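Position 302, counted from 1, in the sequence shown is what full-length UniProt numbering calls 302; the numbers after and before it change by one each time, with no gaps.
Treat the hints as calculated values from the structure; they're not laboratory data.
Note that the structure is predicted; figures quoted are calculated from it, not measured.
A few of these clues could be false.
Okay, derived cross-link-like pairs now, DSSO-like style, lysine-lysine, Cα gap no bigger than 27 Å in a straight line [said to hold, decoys possible]:
1. K315 / K292
2. K256 / K194
3. K120 / K191
4. K273 / K192
5. K295 / K256
6. K179 / K116
7. K297 / K120
8. K83 / K155
9. K95 / K36
10. K318 / K292
11. K292 / K256
12. K273 / K194
13. K295 / K192
14. K155 / K191
15. K42 / K155
16. K192 / K297
17. K273 / K191
18. K179 / K58
19. K83 / K256
20. K315 / K155
21. K36 / K116
22. K179 / K155
23. K318 / K273
24. K179 / K292
25. K295 / K318
26. K179 / K273
27. K116 / K155
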Amino acid sequence: MQSERPHAGQAPPTVQRPCIRQEFSFRPVPVSVVTKLLSNQKMKYQSGPDQIPAMLLKISAPAIANPVATLINESLVTGCIPKLWKTARVVPIHKSGDSTLVSNYRTISLLLVISKICKKCVYTQLRDYYQYWNYLTTDQSGFRPNHSTTTALLKVCNDIQAGMEQGSLTEAIFLYFAKAFDTVDHGILLKKLKDSGIGDGILSWFQSYVSDRLQYVSISGSSSLPLPVTCGVPQGSILGPLLFTIFINDKPNICKASTVHMYADDTVIYTSKPTLPQLEAVLQEQFTVVEKWIKHKLFLTADNTVTMLFGTVPKLHKLQNPHLCVGTKSNGTLTTVTVQKQILPEPHGKKANCTSNAYAGY
1 MQSERPHAGQ APPTVQRPCI RQEFSFRPVP VSVVTKLLSN QKMKYQSGPD QIPAMLLKIS
61 APAIANPVAT LINESLVTGC IPKLWKTARV VPIHKSGDST LVSNYRTISL LLVISKICKK
121 CVYTQLRDYY QYWNYLTTDQ SGFRPNHSTT TALLKVCNDI QAGMEQGSLT EAIFLYFAKA
181 FDTVDHGILL KKLKDSGIGD GILSWFQSYV SDRLQYVSIS GSSSLPLPVT CGVPQGSILG
241 PLLFTIFIND KPNICKASTV HMYADDTVIY TSKPTLPQLE AVLQEQFTVV EKWIKHKLFL
301 TADNTVTMLF GTVPKLHKLQ NPHLCVGTKS NGTLTTVTVQ KQILPEPHGK KANCTSNAYA
361 GY
């Protein structure tokens, strides 16, 4: 009997998931996958701590894929990662300006190609697991297929526009976290991985992945002594951004009276209310909740965390003082600086206006 197709305009049937989420488990990595990943390496002459350039491994892919796959699968089964795979060679790259100033350099972390292949295999399996169970929040536009800063801006601007059309004011708080990727607490990350469906057996691999990491600086043929990396998600690999996404995945859940949207660690909290006092009350409560949430997780820089008030020109002109007073736990106050600038489409022919500071680059 032929199954019925949905009519035009009718939504297709949704896939029913079991009520209880199954634990994540590693699948064996086929040799064919390793061969493809090795062959797709860029022809780079730079090497990681093992001094083996990616170009050599790319050329040797057909011959070395089998033993490399064996090493990767052994790591996944035992939950152990070789120490050299967790060592990064940091190379400073001069950007511009005075070459004697450290601030004029950016750093790149060079890792073993084989370790990067292993992380790509883990990333693919972990990503598929989270996608199947719809675990990742839709309030994150970073590190997601078909999402970007553009989709993040469209989402936020559309919500602000809707509030303006209803005659409301919209207030947003733009959170600034200092070196968010480098300050992730490993213990909290592992707990969140366990809560997301990673069993104790598989969790041992991730514990090995984030622990006992080393890095050293290499410049002009000389290298420093290696130093331990005690926090943060490892840079330079595809797995790091996914782990960071898991780390902050529950942030939108704590703000129940407002909307949260994120692009990586860049976060905006906003809500729409008819009056300024109502906005102040709600956002003060929400900001206090966020400050409690980030304790021991991330470092919020209150001096760079700012507010932005949106509304039509007539609505804003009725306000005697179009500034919100949102206090911090350190008894400070978030900054709101007035800028006359049209940043949104005009609702029903009315010119849009806002009060903000220079944080328009979100």
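Status of each hint after checking the structure:
As the CA atoms of K315 and K292 are separated by approximately 33 Å, the hinted pair breaks the 27 Å bound. With a C-alpha separation of about 24 Å, the suggested pair K256 and K194 falls inside the 27 Å cut-off, and the hint holds. A threshold of 27 Å between alpha carbons decides the hint, and for K120 with K191 the separation of about 22 Å falls inside it, so the pair holds. Proposed proximity of K273 and K192 is contradicted: the alpha carbons are some 34 Å apart, above 27 Å.
Under the criterion of a C-alpha separation no larger than 27 Å, the hint pairing K295 with K256 is consistent with the structure, at around 19 Å. Under the criterion of a C-alpha separation no larger than 27 Å, the hint pairing K179 with K116 is consistent with the structure, at around 23 Å. A distance of roughly 26 Å separates the Cα atoms of K297 and K120; the hinted pair therefore holds under the 27 Å criterion. For a cut-off of 27 Å, the pair hint linking K83 to K155 is broken: about 43 Å separates their Cα positions.
A threshold of 27 Å between alpha carbons decides the hint, and for K95 with K36 the separation of about 34 Å lies outside it, so the pair is violated. For the hint pairing K318 with K292, the CA-to-CA distance comes to about 34 Å; that exceeds 27 Å, so the pair is violated. For the hint linking K292 to K256, the alpha-carbon distance of about 14 Å falls within 27 Å, and the restraint holds. Between K273 and K194, the direct Cα distance comes to roughly 38 Å. Violation of the 27 Å bound is thereby established for this hinted pair.
For the hint linking K295 to K192, the alpha-carbon distance of about 15 Å falls within 27 Å, and the restraint holds. Proposed proximity of K155 and K191 is contradicted: the alpha carbons are some 31 Å apart, above 27 Å. At roughly 35 Å between alpha-carbon atoms, K42 and K155 are farther apart than 27 Å, so this suggested pair is violated. Our distance criterion of 27 Å between C-alpha atoms is met by K192 and K297, whose separation comes to about 12 Å.
For the hint pairing K273 with K191, the CA-to-CA distance comes to about 37 Å; that exceeds 27 Å, so the pair is violated. About 34 Å separates the Cα atoms of K179 and K58, which puts this hinted pair outside 27 Å; it is violated. Distance restraint check for K83 and K256: the Cα-Cα separation of roughly 43 Å exceeds the 27 Å cut-off, and the hinted pair is therefore not satisfied. Note on K315 and K155: the hinted pairing holds, with a Cα-Cα distance of about 23 Å set against a maximum of 27 Å.
At roughly 13 Å between alpha-carbon atoms, K36 and K116 fall within 27 Å of each other, so this suggested pair holds. Straight-line distance between C-alpha atoms of K179 and K155 comes to about 25 Å, which keeps the hinted pair within the 27 Å bound. Of the pairs offered as hints, the one joining K318 and K273 holds, with about 15 Å between alpha carbons and a cut-off of 27 Å not exceeded. For the hint linking K179 to K292, the alpha-carbon distance of about 19 Å falls within 27 Å, and the restraint holds.
The straight-line distance between the Cα atoms of K295 and K318 is roughly 38 Å, outside the 27 Å bound, and the hint therefore fails. This hinted pair does not check out: K179 and K273 have alpha carbons roughly 33 Å apart, beyond 27 Å. For a cut-off of 27 Å, the pair hint linking K116 to K155 is broken: about 34 Å separates their Cα positions.
Checked against the numbered hints given earlier, the structure breaks hints 1, 4, 8, 9, 10, 12, 14, 15, 17, 18, 19, 25, 26 and 27 and satisfies all the rest.
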